[in-house]
Amino acid sequence: MAKKVAINIIAAAKVFAPKKIEDLEDKRIVPKMMLRRRLTRNAKIMLFIADRCGFGGGKIVYGSAFGELQSTVGITDAILNGTQISPTLFQNSVYNSAPSYFSLLNSDKDEIITISSGMKTSLAALKTAALQALTSKERVLCVATECLDIENIEEVNSCSAYLESGAGVILEIAEDEDGAVEIEALREEGVIGSLEALFSLVNMQEKKLCKVFIEL
Amino acid sequence: MKAFINEYASLSCAGDTEALMEAIYSKKSAISIDTSFMSDTPVGLGKMEYEDFFESLKSVVKRVLENSNLENFHKTLLIVGSSVGGMAESETHYFKDKNYKSIDPSRHAISVISDTLQDAFNFYDTRAISTACTSSANAFLLAKRLIAVGAYENVLVVGADALCYTTVCGFYALSVLSSKACTPFQEGREGMNVAEAIAAVLVQNEQQSDSIELCGVGASSDAYHMTNPDPEAGGAMSSMQNALDDAGLSAKEIDYVNAHGTGTQANDKVEGFGVETLFDNVYVSSTKAITGHTLGAAGALEAIISCEVIKQGLIPPQTNCKDLENSAINIPFESVKKDVNYVLSNSFAFGGNNTSVIFGGLK
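Those protein sequence lines, which keep their order, are chains A and B.
Heads up: the first sequence is residues 1 to 216, going by our numbering.
Heads up: the second sequence is residues 217 to 579, going by our numbering.
The reader is advised that the hints may include incorrect statements.
With a straight-line Cα cutoff of 16 angstroms, these simulated EDC-like cross-link-like pairs (lysine to aspartate or glutamate) come out [claimed, not checked]:
1. A:Lys211 with A:Glu184
2. A:Lys4 with B:Glu369
3. A:Lys4 with A:Glu177
4. A:Lys3 with B:Glu369
5. B:Lys274 with B:Asp335
6. B:Lys396 with B:Asp250
7. B:Lys314 with A:Asp176
8. B:Lys312 with A:Asp77
9. B:Lys278 with B:Glu238
10. B:Lys314 with A:Glu182
11. B:Lys317 with A:Glu154
12. B:Lys291 with B:Glu369
13. A:Lys3 with A:Glu151
14. B:Lys314 with A:Asp51
15. B:Lys553 with B:Glu238
16. A:Lys27 with A:Asp51
17. A:Lys137 with A:Glu175
18. A:Lys208 with A:Glu182
19. B:Lys485 with B:Glu550
20. A:Lys208 with A:Glu184
21. A:Lys109 with B:Asp341
22. B:Lys396 with B:Glu238
23. B:Lys243 with B:Glu448
24. B:Lys291 with B:Asp335
25. B:Lys218 with B:Glu403
26. B:Lys314 with A:Glu155
27. A:Lys19 with A:Glu175
28. B:Lys317 with A:Glu175
29. A:Lys19 with A:Glu151
30. A:Lys211 with A:Asp176
31. B:Lys485 with B:Glu403
32. A:Lys3 with B:Asp268
33. A:Lys3 with A:Asp176
34. B:Lys291 with A:Glu215
35. A:Lys4 with B:Asp341
36. A:Lys211 with A:Glu175
37. B:Lys317 with A:Glu151
38. B:Lys538 with B:Asp335
To be clear, the hints were calculated from the coordinates, so they are not data collected in a lab.
The shape of chain A in the complex, shown without the other chains:
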């Protein structure tokens, strides 16, 4: 078994909707229209969660199993139809787009790691965030989002009732392990499995279970 550490959950937030999440407060969070117009849906959700957690900058571990599907679909459709690919779509298609927009918006020059480990994505992101907190002795934002809201997604989506979802925590290494508990399976019914560990952690925090063991 790999080393375990106890983390404190400092802040937590979650958001999800069957299709499009309606009010992500992007006009307040991203006042500059030019930048706001370029944001992907994952970026808007990620920024909303970071804002809800009160995170202004520092190390970020971001997770997404399927990344920027809307951009990817736009590119493949353009290729299929022989039309020009939008440069903005291509630059937005990388998996680290969302935290990169956070970095741009907040002039955050710290480390960003993006994890994409399938249905284990948010757990792997949590393990990575705990490592980053352990080695830097800093607080780390760990956030994961999924945006599956593309046309005809029902052709491949059989696992999620919510096409947009995200959860995040700010964590730090606890000074001791007293009272620390294992992650409880407090999943949100219908939310995609890739976000299960982070949703569980957010729900634990709501139950005042804020000291948790993470295996690195």
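Given the structure of chain A, go ahead and fit chain B onto it with the hints provided.
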């Protein structure tokens, strides 16, 4: 706890590691001119020879296991770095069917690389990183830290990316593709070559007779632009300095910088300026003139090149460069024989994501 690189294997358009180093030192680019991705527009690409990318992936990893001191990977953490995962397979289905029905979501995602290797080798645990072109460089960042804190004794870093329409046509849309083999650091260079590769590197906490030390890792964000690098090279210099600090080295102790050196106007200008500012006449060259830009696999592939440079004591020459844009950086035009103690390898990515890794020889 120190981290040591004890085994590795690779496959790129230049062949296996031995063929790759031979191509680098003999300045024979493995880039081919291709019209299969864009019929009206010839572009230089780094294409591998394989029947099945995932079989090649397993074969490269199997080679590492067979040559290592491990019987299996059951107590090893796998960290994959990839920028496109299973995109090529999804494209095949979508372009043929014009719907998603035949696409298996689990084979579309980045994690198809780690899942394929998990099924074949049964690792203790797996993780997949996707930070575009720094993906597998960031895998080293995590590997070093995990070993340093005693979380794992063995970490296998795998960088893997296959060519696909999305990346080839996407980079073309950004007007950064070269129609011929790329010419890093050359004045008036045309652009980059998209390429594919598989590279696997075993990082362990125990030193062996031919180990290379994974001495330092550093990362940063530009916070400047989604695709253009900070023209003042703030992010690039910060990641290089962070790696130096992590290794406990000064800039003058680095013998060679394996540049990100994609061959685009923006990257090479900024990276050259960063190297010029931070170092004092260090040798620097880009091996992407041989391999092309292997995207998420580049960090791992160029880690292997860096290890070989140290073992062979031979600085790689810059291929495809006659007239330097920046004459203040020390680009060797022929191989240079010298004792190489430390190599710094750069990887930079969309989103202003920068990672530098330092490798050291053991005396």
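Keeping to a limit of 16 angstroms between CA atoms, is the pair of Lys274 (chain B) and Asp335 (chain B) held or broken?
holds (10 angstroms)
Sort out whether Glu238 (chain B) lies within 16 angstroms of Lys396 (chain B), counting only the CA atoms.
Roughly 21 angstroms separates the two Cα atoms, so the pair is violated.
Below or equal to 16 angstroms on CA atoms is what counts here, so check Lys19 (chain A) against Glu175 (chain A).
violated (41 angstroms)
For the pair supplied as a hint, Lys4 (chain A) and Asp341 (chain B), is the alpha-carbon distance within the 16 angstroms limit?
Within the cut-off at roughly 14 angstroms; holds.
Is Lys211 (chain A) within 16 angstroms of Glu175 (chain A), Cα to Cα?
Given that 16 angstroms is the threshold and the Cα spacing comes to 10 angstroms, the pair holds.
When you check the alpha-carbon spacing of Lys314 (chain B) and Glu155 (chain A), does it fall within 16 angstroms?
holds (12 angstroms)
Starting from Lys3 (chain A), check that the Cα of Asp268 (chain B) is at most 16 angstroms away, please.
violated (37 angstroms)
Decide if the proposed pair is consistent with the structure: Lys4 (chain A) and Glu177 (chain A), CA atoms, cutoff 16 angstroms inclusive.
holds (10 angstroms)
Does the alpha-carbon distance linking Lys485 (chain B) and Glu403 (chain B) stay inside the 16 angstroms limit?
The given pair, whose Cα atoms are some 10 angstroms apart, holds under the 16 angstroms limit.
Given the hinted pair Lys211 (chain A) and Glu184 (chain A), is their Cα-Cα distance within 16 angstroms?
holds (12 angstroms)
For Lys317 (chain B) and Glu151 (chain A), compute the direct alpha-carbon distance and say whether it is at most 16 angstroms.
Distance of about 13 angstroms is within 16 angstroms: holds.
With the threshold set at 16 angstroms, check whether the alpha-carbon distance from Lys211 (chain A) to Asp176 (chain A) stays at or below it.
holds (10 angstroms)
Violated hints, listed in ascending order, are 7, 9, 10, 13, 14, 19, 21, 22, 23, 25, 27, 28, 32 and 38; each of the other numbered hints is respected by the structure.
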